[in-house]
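Protein chains in written order, with this note's numbering: chain A, 1 to 341; chain B, 1 to 341.
Simulated from the structure, these hints should not be mistaken for lab results.
Just so you know, not all the hints are guaranteed correct.
Covered stretches of chain B (chain A as the covering partner; in silico rule of three or more C-beta atoms under 8 Å from a C-beta of chain A) [what the hints assert, rightly or not]: (1) 85-96; (2) 221-231; (3) 241-251; (4) 293-299.
Quick list of the computed label-pair ranges, beta carbon to beta carbon [unchecked claim]: (5) B:A276 to A:V236: 24 to 32 Å; (6) B:V46 to A:F339: 44 to 52 Å; (7) B:H94 to A:A181: 50 to 58 Å.
Since the structure is predicted, the reported quantities are computational estimates derived from the model, not experimental observations.
Beta carbons: idealized from backbone N, C-alpha and C, even for Gly.
Number of protein chains: 2
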Amino acid sequence: MNSHRKIPKLPGAFAAVMFLALSIHANAQTPALASWNDGPAKQSIVSFVKEVTDRSRTNYVEPQDRIATFDQDGTLWVEHPLYTQAVFALTRVHELAPQHPEWQQREPFKAVLANDRSAMANFSESDWEAILAATHAGMTTEAFQALVKQWLATAKDPRFHQPYTALVYQPMLELMDYLRANGFRTYIVTGGGQEFVRVYSQSVYGVPPEQVVGSSILTKYEYQDGKPVLMREPNVFFIDDNAGKPIGINLFIGKRPYAAFGNSPGDKQMLEWTQAGSGARLMMLVLHDDPVREYAYGPANGLPDTKVGTFTPALYEEAKSKGWDVISMKKDWKRIFSFDK
Amino acid sequence: MNSHRKIPKLPGAFAAVMFLALSIHANAQTPALASWNDGPAKQSIVSFVKEVTDRSRTNYVEPQDRIATFDQDGTLWVEHPLYTQAVFALTRVHELAPQHPEWQQREPFKAVLANDRSAMANFSESDWEAILAATHAGMTTEAFQALVKQWLATAKDPRFHQPYTALVYQPMLELMDYLRANGFRTYIVTGGGQEFVRVYSQSVYGVPPEQVVGSSILTKYEYQDGKPVLMREPNVFFIDDNAGKPIGINLFIGKRPYAAFGNSPGDKQMLEWTQAGSGARLMMLVLHDDPVREYAYGPANGLPDTKVGTFTPALYEEAKSKGWDVISMKKDWKRIFSFDK
Numbered sequence: 001m002n003s004h005r006k007i008p009k010l011p012g013a014f015a016a017v018m019f020l021a022l023s024i025h026a027n028a029q030t031p032a033l034a035s036w037n038d039g040p041a042k043q044s045i046v047s048f049v050k051e052v053t054d055r056s057r058t059n060y061v062e063p064q065d066r067i068a069t070f071d072q073d074g075t076l077w078v079e080h081p082l083y084t085q086a087v088f089a090l091t092r093v094h095e096l097a098p099q100h101p102e103w104q105q106r107e108p109f110k111a112v113l114a115n116d117r118s119a120m121a122n123f124s125e126s127d128w129e130a131i132l133a134a135t136h137a138g139m140t141t142e143a144f145q146a147l148v149k150q151w152l153a154t155a156k157d158p159r160f161h162q163p164y165t166a167l168v169y170q171p172m173l174e175l176m177d178y179l180r181a182n183g184f185r186t187y188i189v190t191g192g193g194q195e196f197v198r199v200y201s202q203s204v205y206g207v208p209p210e211q212v213v214g215s216s217i218l219t220k221y222e223y224q225d226g227k228p229v230l231m232r233e234p235n236v237f238f239i240d241d242n243a244g245k246p247i248g249i250n251l252f253i254g255k256r257p258y259a260a261f262g263n264s265p266g267d268k269q270m271l272e273w274t275q276a277g278s279g280a281r282l283m284m285l286v287l288h289d290d291p292v293r294e295y296a297y298g299p300a301n302g303l304p305d306t307k308v309g310t311f312t313p314a315l316y317e318e319a320k321s322k323g324w325d326v327i328s329m330k331k332d333w334k335r336i337f338s339f340d341k
Numbered sequence: 001m002n003s004h005r006k007i008p009k010l011p012g013a014f015a016a017v018m019f020l021a022l023s024i025h026a027n028a029q030t031p032a033l034a035s036w037n038d039g040p041a042k043q044s045i046v047s048f049v050k051e052v053t054d055r056s057r058t059n060y061v062e063p064q065d066r067i068a069t070f071d072q073d074g075t076l077w078v079e080h081p082l083y084t085q086a087v088f089a090l091t092r093v094h095e096l097a098p099q100h101p102e103w104q105q106r107e108p109f110k111a112v113l114a115n116d117r118s119a120m121a122n123f124s125e126s127d128w129e130a131i132l133a134a135t136h137a138g139m140t141t142e143a144f145q146a147l148v149k150q151w152l153a154t155a156k157d158p159r160f161h162q163p164y165t166a167l168v169y170q171p172m173l174e175l176m177d178y179l180r181a182n183g184f185r186t187y188i189v190t191g192g193g194q195e196f197v198r199v200y201s202q203s204v205y206g207v208p209p210e211q212v213v214g215s216s217i218l219t220k221y222e223y224q225d226g227k228p229v230l231m232r233e234p235n236v237f238f239i240d241d242n243a244g245k246p247i248g249i250n251l252f253i254g255k256r257p258y259a260a261f262g263n264s265p266g267d268k269q270m271l272e273w274t275q276a277g278s279g280a281r282l283m284m285l286v287l288h289d290d291p292v293r294e295y296a297y298g299p300a301n302g303l304p305d306t307k308v309g310t311f312t313p314a315l316y317e318e319a320k321s322k323g324w325d326v327i328s329m330k331k332d333w334k335r336i337f338s339f340d341k
């Protein structure tokens with residue numbers, strides 16, 4: 001036996017490091033962005049990553065500054081016809097109704113309990129605030145997280161007959177993986193509830209709670225049986241939408257993103273803020289133009305600007321004029337959900 | 001030449017990994033916690049770390065949950081006789097005075113400009129708020145950071161004749177290093193200004209901006225020459241002190257710390273919140289009892305409870321009754337500053 005072929009005894013730490021190196025190699029064998037068609041969107045992503053990770057280029061970015069921010073609803077998972085968190089809130093209204101007989105006569109609860117879809121579609125911001133206060137507050141942070149977890153474990157979307165957490169876009173999960181494999185930290189920057197999203201961010205997106213920036217209500221430090229708890233109060237603390245997104249990014253991260261992904265006017269300022277930084281930046285908007293596999297709304301069916309939460313024709317024009325990339329779900333994505341054939 | 005001694009050609013990635021392994025080994029040769037005397041404080045730290053990092057123990061903690069939070073003023077660096085950020089604010093009042101002739105007759109500015117130390121020592125919270133609004137707001141976040149950076153580069157502490165950033169406690173830097181080497185992420189959780197501390201947190205403490213949780217003022221998203229900026233408004237947004245510390249920890253990190261370090265009543269709730277978690281937790285308070293090398297205040301010289309920002313006798317009693325560890329600067333620390341002989 002040739003002595004060169006002997007496997008030397010390695011110290012433990014060194015062996016662990018070798019194992020790590022082999023794992024990285026194994027991961028590299030799965031093709032990145034497998035659910036993306038070869039097209040302009042995929043090309044933009046790959047070129048950008050090459051640009052900022054190649055030390056020989058002037059636009060090289062140090063790993064600690066590689067921040068990518070993702071809107072959630074409509075960007076990472078289905079938001080149509082209703083945000084998942086809104087479905088949770090409406091379900092809670094039904095569950096809590098027996099304890100609130102007055103809701104049968106009081107709006108907006110009356111409309112919810114009567115399943116009056118047209119009334120619900122026209123709920124004002126203060127209607128939603130009343131619903132959130134009634135369903136998301138008056139309990140500890142831990143109790144709230146337990147409620148969300150329990151609901152997500154059983155609730156299913158009526159069209160796809162899947163748990164809501166399965167309605168994430170497979171290409172976007174691959175994009176997050178690809179960015180992380182290239183040294184990026186991926187943050188969720190959502191108009192939705194920060195405490196809500198943190199319940200499943202790690203298991204669904206691989207994003208730890210500390211990398212979820214979202215809207216929040218006030219919490220109060222109290223004692224229950226001598227033990228400190230954080231009670232959720234029925235008052236808004238921070239709205240992480242529109243201008244709130246760059247404000248939240250500065251507040252929570254303190255660094256400007258190099259890449260930002262959204263789908264609606266609420267993401268406009270986040271993309272602007274990202275683009276205003278120096279060097280190479282990637283700004284992308286998801287266009288919902290696939291009525292067969294998902295939905296078509298916004299510019300794809302000429303929805304007016306007034307429709308809250310959707311990618312409007314005006315935003316589409318702005319994207320074109322500013323050089324933001326538009327991701328066509330229909331053209332750029334081979335498959336949309338992991339359960340798609 | 002014996003062929004066994006040949007250095008084989010390694011693929012680039014593998015060579016990089018080997019280099020990393022060698023670097024880790026090199027670090028391991030510097031003794032951890034070198035500026036700590038062998039005593040109960042060091043013993044508590046080492047035992048706790050062993051407890052939560054040993055997979056065979058029931059109190060083992062997964063690396064992603066290893067969170068350690070540090071108060072800054074009086075815990076990581078000198079806070080006596082005045083917080084560094086307050087020195088910055090007072091200096092700014094002097095600098096801005098020519099543009100504000102009315103300050104000569106208006107408190108609290110009049111007292112600052114007259115260097116009236118006894119008046120300044122009795123400034124109320126609203127006096128300080130007026131000073132902060134006048135000195136910390138009305139500019140973009142970037143302009144503010146540049147100002148802080150510039151000031152820190154030249155300002156010196158009158159007693160030690162050192163830049164303020166040199167007045168960090170060497171044993172606490174080693175403690176942060178030791179925790180990080182054991183998989184912890186170290187956060188600063190300060191009553192001081194988040195944007196202020198973020199300017200130097202990486203270079204001074206090895207703590208990146210996104211791991212600084214602090215007090216903040218409102219920011220507003222605006223356009224200057226078509227470019228988006230965040231303007232600092234003269235209104236408080238969040239006070240990260242007392243109950244604000246656990247609230248801030250939940251808001252920014254979303255995980256309960258396993259170790260927390262403070263020195264004053266403002267840190268009490270953070271330590272309580274940490275201790276209320278399950279498994280092994282480490283709660284420590286720095287006692288300023290070394291008038292020769294630093295200062296003696298709080299329980300060390302019987303200061304009354306009313307003195308804001310100091311480790312009070314009441315807190316000292318609470319620490320003893322709750323089993324929190326007290327770090328005696330005099331007994332537990334071999335040296336206090338890196339410039340000490």
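Comparing the hints with the structure gives:
1. Against chain A, the segment 85-96 of chain B contributes 0 residues with a C-beta closer than 8 Å to a partner C-beta. That does not satisfy the three-residue criterion, and the hint is violated.
2. A count of 4 residues in the segment 221-231 of chain B with a Cβ less than 8 Å from any Cβ of chain A is obtained; the coverage claim is therefore met, three being the minimum.
3. Three residues within the 8 Å Cβ limit are the bar, and the segment 241-251 of chain B against chain A gives 5, so the coverage statement holds.
4. Check result for the segment 293-299 of chain B against chain A: violated, 0 residues qualifying (beta carbon to beta carbon below 8 Å, three or more required).
5. A276 (chain B) and V236 (chain A) have their C-beta atoms about 27 Å apart, which keeps the hinted 24 to 32 Å range intact.
6. Distance hint for V46 (chain B) and F339 (chain A): a CB-CB separation of about 50 Å, consistent with the stated range 44 to 52 Å.
7. Range check, H94 (chain B) to A181 (chain A): about 52 Å between beta-carbon atoms, so the 50 to 58 Å window is met.
The earlier numbered hints that this structure contradicts are 1, 4.
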